[in-house]
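Those protein sequences? They're chains X and L, same order as listed. Those letters in the first sequence? Residues 1 to 479, by the working numbering. Those letters in the second sequence? Residues 480 to 789, by the working numbering.
It is worth saying that the hints were derived from the structure and are not from the lab. Glycine included, every Cβ here is placed at the ideal spot set by N, Cα and C. Incorrect hints may appear among the rest.
One-sided excerpt, in silico: chain X residues whose CB lies under 10 angstroms from chain L [to be verified]:
1. G55
2. G57
3. I69
4. D70
5. P74
6. F237
7. F241
8. Q244
9. G270
Cβ pair distances, simulated, as ranges [what the hints assert, rightly or not]:
10. X:D424 x L:D535: 25 to 35 angstroms
11. X:R388 x L:A547: 48 to 58 angstroms
12. X:I69 x L:A542: 43 to 53 angstroms
13. X:D424 x L:A547: 33 to 43 angstroms
14. X:I69 x L:H673: 24 to 34 angstroms
15. L:A754 x X:G271: 35 to 45 angstroms
16. L:A542 x X:D424: 13 to 23 angstroms
17. X:G271 x L:T757: 41 to 51 angstroms
18. L:L594 x X:D424: 19 to 29 angstroms
19. X:V254 x L:L771: 27 to 37 angstroms
20. X:D295 x L:E511: 27 to 37 angstroms
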Amino acid sequence: MSMAELRTSSDLWDELLHTDGEPRPAAAELVQQLQTLGLAELQQRQDLAELDIVGMGITFTVYSDGRGIDRAWPFDIIPRVIAADEWRVIERGLVQRLRAINMFIDDVYHEQRVVADGVFPADLLDHSVNFRRECVGANPKFGVWAHISGSDLVRDADGTMYVLEDNLRVPSGVSYVLENRAISKRAFADLFAKQSILPVDAYTDELNRMLSSLAPEGVAEPTIAVLTPGIYNSAYFEHSFLAQRIGAALVEGVDLVVGDDECVYMRTIGGLERVHVIYRRVDDLFIDPEVFRDDSTLGVPGLMRAWKAGNVAIANAPGAGVADDKVVYAWVPDLIRYYLHEEPLLPNVPTYRCVYPDERQYVLDHIEELVVKPANESGGYGLIIGNRATRTELDETIAHIEADPRNWVAQPILALSTAPTLCDGAIEPRHVDLRPFILSGAGSYVSAGGLTRVALRRGSLVVNSSQGGGSKDTWIVEA
Amino acid sequence: MLLSRVADNLYWGARYLERAEDTARVVRSFTELILDLPLGVASSWEPLLAVVGGRDEFDAGHARAAEADIVRFLVADPSNGGSVVSSVASARENLRTTREVLPRDAWQAVNDMYLFTSRDTESGVDRRTRARFLSRVITDCQRLDGVLSGMMRRDQAYELWRLGQMIERADMTTRVLGVRAASLLSMPADADDHDEVQWMGVLRSVTAMQMYQRSRRGPIDGASVISFLLFDETFPRSIAGCVQRMRSALARLPRPEATLPAVDALEALLANLPATATDGTALDQSMDQLQLALADLDSCVYDTFVNEVV
């Protein structure tokens, strides 16, 4: 059997290999196993994994021609490895970051000390499309607004791990972390037996514990519901998965009703039943047509009243998205220093804010060297990468920036790290990122690792599954 | 706690799946029966359409009613909502929205069956592979049934599933009796010397042959076949067996006082049937009445658990 050849590109950081092709210490067992198995055996395990994914019905939904199509979840058999000692620093950095972000959100909806003290510019808040006036003065338990977040991390050529963005609204992907692990345990059973790889399964129990802790005072055994936009949502699989794992009801807006007592009820076959905690996977503009978009059929009229009265907890809290904004992102290191009096443990990617004339000018002058992003979009739409865009695309983006500078930020083009990936019968380096999931309540919890997304197309930096990205299991390995 | 919307999806998921299984049993047994009958004995495939239903839709789309046309329509035609492949696909869609209340293996069983029926659809039509295809559908349905029996709490979701399953199953048994048994009864005594083969066919349509034989002494006889399929409460595919299970399901679900009267009505109809059927037309009519009573129960279930919840 031929030995599998693993190669890497000399000017990029590879997650498993040094530039000379030697394995990094935490990946040594894996690399050795890959080489011993050979390509044919590896491909066979990949094929088996794909069969499992189809058989287990692990899917995500994409839109094409106005229809939702259920696709098998794209998975690469070769895991991404992170050494446990590096991971512990990342974990602490994420907890630190979310503590500061939550304090910021709570402050923004109360006294706005951060503005009064001159740390955060007032006009940015005034113009934020994610600031919800309706949330001012609300008091979610523990002062926590962003209960579940999924920050995207990327590694540059020198090995530095940066936070690329904080997803505080309805981040998805955690179900695939758990499913990827189930599949990868089958594929590499010997390696799991041989070394210490942190388990990921505890996440849903921690989620359950955190959600339960949000219940209104005096409710010992809260009823939890996961609120989904429905079966055509791209993340429906995950909504259903999480509801299954925590024993929650999976509800749609039509299943809920707010009573005259300003409590939330669900319509069951035995009549109305009180709901105490809602894990909502619906964007906050759609959760209550009384308050936000009145054409929304996904929400529940009166939900905001019930929430503000303290009769139901909503995670993430409405309004939490104010800090999920590529503009606010640029201030997070300052927010950490301001609220916690600590230095950030995880660096931000340097970010140019087009709202400031000098930074905007820099962006316009150096657009070909930058990644330019709209501040409020998710899913990778509207983003351009300067050195890959056509002249027309660049000109269009320049026009957008000049028309609405607040909505645009730019960052240097990072040389995203790679990981060996099975592509068309060969092992090729492909770019990856990492989305860990952070739970915040009375305390904090970080998933062990997270979702490694991989750009399957050669040279591509786009890791979104809706646009040709795949995924890998992420191993936190005790050396 | 069971959401009304989820209850509705579960109930219909169970009905679709039972329909797929029952249709597979009926088509499989009919295929075996026709092969046994000598040339010259009427061997039309049209009674199958009458049993499974969909005669009007079939006629609208087909000029001929040859074996392949009818079997394709009933088994493999995705545009016929009642075909085996459509029922499996609908069941899967319904289960996709009820995954959080069913054991995970239940979803996998249905997903597997869906992947198989959508891939090997054609083998359900071809005579040489048909039995294998239909048997696989039946086995997969039994696998799901085993998952639910062996792994699921007897909660509201479970009882609602059983309720949907029993209503669909009873409905199919009434059709087999109303069409096949009634037409055999109506035949002149000397018209067909393959009587017992035809009655075996009736039993096999609901896979009751062996259990019937174990419960009776002596050779097959039409009247006792009918009474077995109507009244033997210990046989899970008889009407009485199904009705009994519907009652126990509803008794464990909310507001039985609103739903049980519809079961009482079914039982009253059943009790009024003659112990020994001799008249084909009368049997056909009473099966029609039972089907109407099943439809009443179905609306009552919808009103009680889905529609009336404010």
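Consistency of the hints with the structure:
Among the interface hints, the one on X:G55 holds; its C-beta lies about 6 angstroms from the nearest C-beta in chain L, closer than the 10 angstroms criterion. Taking 10 angstroms as the C-beta contact cut-off toward chain L, the hint placing X:G57 at the interface holds, the least distance being around 4 angstroms. The criterion of a C-beta within 10 angstroms of any C-beta in chain L is not met by X:I69, whose closest approach is roughly 13 angstroms, and the hint is violated. Against a cut-off of 10 angstroms between C-beta atoms, the interface hint on X:D70 holds, since the closest Cβ of chain L lies about 8 angstroms away.
At about 18 angstroms, the closest approach between the beta carbon of X:P74 and any beta carbon in chain L exceeds 10 angstroms, and the interface hint on this residue is violated. For X:F237, the interface hint holds, since its Cβ comes within 10 angstroms of a Cβ in chain L; the closest pair sits about 9 angstroms apart. A distance limit of 10 angstroms between C-beta atoms decides the matter here; for X:F241 the minimum to chain L is near 8 angstroms, and the interface restraint holds. At a threshold of 10 angstroms, the smallest CB-CB gap from X:Q244 to chain L is about 5 angstroms, leaving the interface hint in force.
Here the hint on X:G270 is kept, as its CB sits about 4 angstroms from the closest CB of chain L, short of 10 angstroms. Between X:D424 and L:D535 the CB atoms are about 51 angstroms apart, so this pair departs from the stated range of 25 to 35 angstroms. Distance hint for X:R388 and L:A547: a CB-CB separation of about 56 angstroms, consistent with the stated range 48 to 58 angstroms. In this structure the hint that X:I69 and L:A542 lie 43 to 53 angstroms apart at CB is violated, the actual value being about 35 angstroms.
The hinted range of 33 to 43 angstroms is satisfied by X:D424 and L:A547, whose Cβ atoms lie roughly 42 angstroms apart. Judged by the Cβ atoms, the range 24 to 34 angstroms given for X:I69 and L:H673 is violated: they are separated by roughly 51 angstroms. Checked against the given bound of 35 to 45 angstroms, the beta carbons of L:A754 and X:G271, roughly 43 angstroms apart, stay inside it. One distance hint, 13 to 23 angstroms for the beta-carbon pair L:A542 and X:D424, is violated here, with the actual separation near 49 angstroms.
For the pair X:G271 and L:T757, the beta carbons lie near 49 angstroms from each other, so the given range of 41 to 51 angstroms is met. The given range of 19 to 29 angstroms is respected by L:L594 and X:D424, whose C-beta atoms sit roughly 25 angstroms from each other. Between X:V254 and L:L771 the beta carbons are some 31 angstroms apart, a value that agrees with the proposed interval 27 to 37 angstroms. Roughly 57 angstroms separates the CB atoms of X:D295 and L:E511, a value that falls outside the hinted 27 to 37 angstroms.
Going down the numbered hints, you'll see the structure goes against 3, 5, 10, 12, 14, 16, 20, while the others check out.
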